[in-house]
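Engineer: Those protein sequences? They're chains A and B, same order as listed.
All you need for the numbering used here is the position in the first sequence, starting with 1, plus 16.
All you need for the numbering used here is the position in the second sequence, starting with 1, plus 443.
If you are wondering where the hints come from, they were derived from the structure by calculation, not from laboratory data.
Heads up, the beta-carbon is just placed ideally off N, CA and C, and yes, glycines get one too.
Heads up, a few of these hints could be off.
As the list claims (entries may be wrong) - Derived CB-CB ranges, DEER-like: (1) A:320 / B:548: 51 to 57 Å; (2) B:551 / A:270: 45 to 51 Å; (3) B:607 / A:301: 43 to 49 Å; (4) B:551 / A:212: 38 to 44 Å; (5) A:39 / B:607: 38 to 44 Å.
To be verified - Simulated pairs of lysine to aspartate or glutamate, DMTMM-like, Cα-Cα distance not exceeding 25 Å: (6) B:481 / B:660; (7) A:128 / B:557; (8) B:686 / B:606; (9) A:128 / B:549; (10) A:128 / A:166; (11) B:481 / B:468; (12) B:686 / B:657; (13) B:481 / B:467; (14) B:481 / B:543; (15) A:128 / B:660; (16) A:128 / B:509; (17) B:686 / B:480; (18) B:481 / B:538; (19) B:686 / B:468; (20) B:686 / B:644; (21) A:128 / B:605; (22) A:128 / B:606; (23) B:481 / B:657.
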Amino acid sequence: MPVPAATASAATASAPAVGGSAPPPGESMRDRFVRVASDLLDTDDRTAVVLAVITAAAFEEAARRHPDRVIDVGIREQLLIGAGAGLALAGMRPVVHTFASFLVERPFEQLKLDLQHQDVGAVLVSANASYDWPQGGFTHMAPGDVALLDTLDGWGVHVPGHPDEAELLLRRAVAGEGREYVRLSEQSNRAALPVADGRLLPLREGGPTAPVVVAVGPMLDPTAEAVAGLDVTLLYAATVRPFDAVGLRAAVGARPTADVVLVEPYLAGTSTARVAEALSGTPHRTLALGVPRAELRRYGTREEHARAHGLDAAGLRGRIAAFAGAARD
Amino acid sequence: MTATAHDTAPTAPPGAADPPFGYDDLPALMARMTGADKHAPAADSLTDALWVLHQDVLRLDPARPDAEDRDRFLLSRGHGPMSYYAVLAARGFLDPAVLDGFGTFDSPLGHHPDRTLVPGVEISSGSLGHGLPIGVGTALGLRARGLAEQRVWVMVGDAELDEGSNHEALEFAGAYGLDSLHLVVVDNSSATWGDSRSRAERITAAGWSLAEADGRDHADLRRAYTLPHPGRPHAVLARVEPKHAR
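So here's chain A without its partners, still in its complex pose (with noise of 0.2 Å):
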């Protein structure tokens, strides 16, 4: 089924645009946030959407068509959430955002119980998780968002690529009673992909013996770029909990063994028990790359960032050739 990326329709993955309008050129996967939960707040009244100031002047305008159900609880965060599990309680359907270490690291035992321990459903929706804002510092990073979701039970965990994957992901998410977390990102690849299915997308299949690289989310146009040439076949996911384990069986196929890599945007790793649960019964390898534990301490631009933690395209490319070569020794 080659496809390759950087040509993937946009069309074909592409939400229905708010309001029947053309997204604004240049539109990040946050404004788009803005512009969908406007959307749902305008259309389902189940809808709200709970803030601690980030974001909250974008909401202004829908904050003054519905007072009720935007709700800016000001720099409180255990109070974001626990204030996201009382409006489920009563029946709400909760949008609860901001930045990623805010929303999941600080306030963590509140997800843990307000939110799991209740069992009642939410739609987090975080912004700036890896190193969107490397001038922002450590403080402002939250490589381990995902990590710290996985010692919890049930949560779907959505990281678009692209901002109409985004809206996308978002509908579904609101839509659905679960408790659900999208990881919005600054960083964004060129085209849309269809994700709807939650599924790991085929975009390219190599040969019975290649490398299967699955990339996640904003990793895929640096991942498409380095494995251009190389013998791979390459898997794309915006949903990565639930995992595709049926997906990547899927695609390992009659594979006696097999060699796995992950291009995660959060921390290295952070899949690898979810491969091997999903190769219980093939002997396999898997290359985790993705953001190291290391902390960086240096500011500087996203890039800079991708190249220090080897996940821009030359980096990403030396280690998969690299683990794909020593598959061959």
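Assemble the complex: chain A is given as a structure, and chain B must be docked to it using the hints.
Structural biologist: Positioned in the frame of chain A, the structure of chain B alone reads:
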């Protein structure tokens, strides 16, 4: 923020028409959980505050524990829930026979309550400082859904108020004028720093209406619970005997 729905006492008789047990049955009901011969009310600081709230204030129907138009009672201080379970049994939410298995593998009744296991329990609690923020959201949600007559009551212990999450909720609810929200602080002087006066001052400074009451005097509790508080959330500081002799 102004609203008038919550500034007076309820007019309809609350609770079930004919609850199976009365206040005097609580010691025997509690004893079914602990194996003790009987319990004096002082065995639990919450007993009287809970009883008066259930009997005279909360509009609940044990036949319809999930009715949309019910008031919400959130026990935030979830540890030592024997008197809570006893009150739920007395008011008809629980079969008293269930009390005998308290804390056992097959029982729905643990040492911290689980809302998914016990009818009438609105939140699963145990870790301190979660009830009031959840109560804020519940009050906001009921308001957004147009359920303007429904009130939210949260009960905490005085030591529990040390958790900073409460202060996020207190400040917000006071400034927002969330007048469907009510807080009962059962004060048995168990907090490690600060005192009853500092707690009361923080609550009023956050813009709440505050009434103090003798936490063992049913008429006084009833008075404090039903004071009008137009446009402001309402707190009741219910004092009981100190947990530790001073």
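Engineer: Hint by hint, say whether it matches the structure.
Structural biologist: We went through each hint and held it up to the structure:
1. Range check, residue 320 of chain A to residue 548 of chain B: about 56 Å between beta-carbon atoms, so the 51 to 57 Å window is met.
2. Checked against the given bound of 45 to 51 Å, the beta carbons of residue 551 of chain B and residue 270 of chain A, roughly 50 Å apart, stay inside it.
3. Residue 607 of chain B and residue 301 of chain A have their C-beta atoms about 46 Å apart, which keeps the hinted 43 to 49 Å range intact.
4. Between residue 551 of chain B and residue 212 of chain A the beta carbons are some 40 Å apart, a value that agrees with the proposed interval 38 to 44 Å.
5. Under the hint 38 to 44 Å, the C-beta atoms of residue 39 of chain A and residue 607 of chain B, about 40 Å apart, fit the expected range.
6. With a C-alpha separation of about 21 Å, the suggested pairing of residue 481 of chain B with residue 660 of chain B holds against the 25 Å cut-off.
7. Annotation: proposed proximity of residue 128 of chain A to residue 557 of chain B holds, straight-line Cα distance about 14 Å (limit 25 Å).
8. For the hint pairing residue 686 of chain B with residue 606 of chain B, the CA-to-CA distance comes to about 19 Å; that is within 25 Å, so the pair holds.
9. Of the pairs offered as hints, the one joining residue 128 of chain A and residue 549 of chain B holds, with about 24 Å between alpha carbons and a cut-off of 25 Å not exceeded.
10. This hinted pair checks out: residue 128 of chain A and residue 166 of chain A have alpha carbons roughly 11 Å apart, not beyond 25 Å.
11. Taking the CA atoms of residue 481 of chain B and residue 468 of chain B, the gap is about 10 Å. The hint holds against a cut of 25 Å.
12. With a CA separation close to 15 Å, the supplied pair residue 686 of chain B and residue 657 of chain B stays within the 25 Å bound.
13. At most 25 Å may separate the alpha-carbon atoms for a hinted pair to count; residue 481 of chain B and residue 467 of chain B meet this at roughly 11 Å.
14. For a cut-off of 25 Å, the pair hint linking residue 481 of chain B to residue 543 of chain B stands: about 14 Å separates their Cα positions.
15. For the hint linking residue 128 of chain A to residue 660 of chain B, the alpha-carbon distance of about 38 Å lies beyond 25 Å, and the restraint is violated.
16. Taking the CA atoms of residue 128 of chain A and residue 509 of chain B, the gap is near 24 Å; set against the 25 Å cutoff, the hint holds.
17. Under the criterion of a C-alpha separation no larger than 25 Å, the hint pairing residue 686 of chain B with residue 480 of chain B is consistent with the structure, at around 22 Å.
18. For a cut-off of 25 Å, the pair hint linking residue 481 of chain B to residue 538 of chain B stands: about 19 Å separates their Cα positions.
19. Using a Cα cut-off of 25 Å, the hinted pair residue 686 of chain B and residue 468 of chain B holds, with the two alpha carbons roughly 24 Å apart.
20. The hinted pair formed by residue 686 of chain B and residue 644 of chain B meets the criterion: a straight-line CA distance of about 22 Å does not exceed 25 Å.
21. Restraint check for residue 128 of chain A and residue 605 of chain B: satisfied, since their Cα atoms lie roughly 21 Å apart, inside the 25 Å limit.
22. Between the alpha carbons of residue 128 of chain A and residue 606 of chain B the distance comes to roughly 17 Å, so the proposed pair stays at or under 25 Å and holds.
23. Annotation: proposed proximity of residue 481 of chain B to residue 657 of chain B holds, straight-line Cα distance about 23 Å (limit 25 Å).
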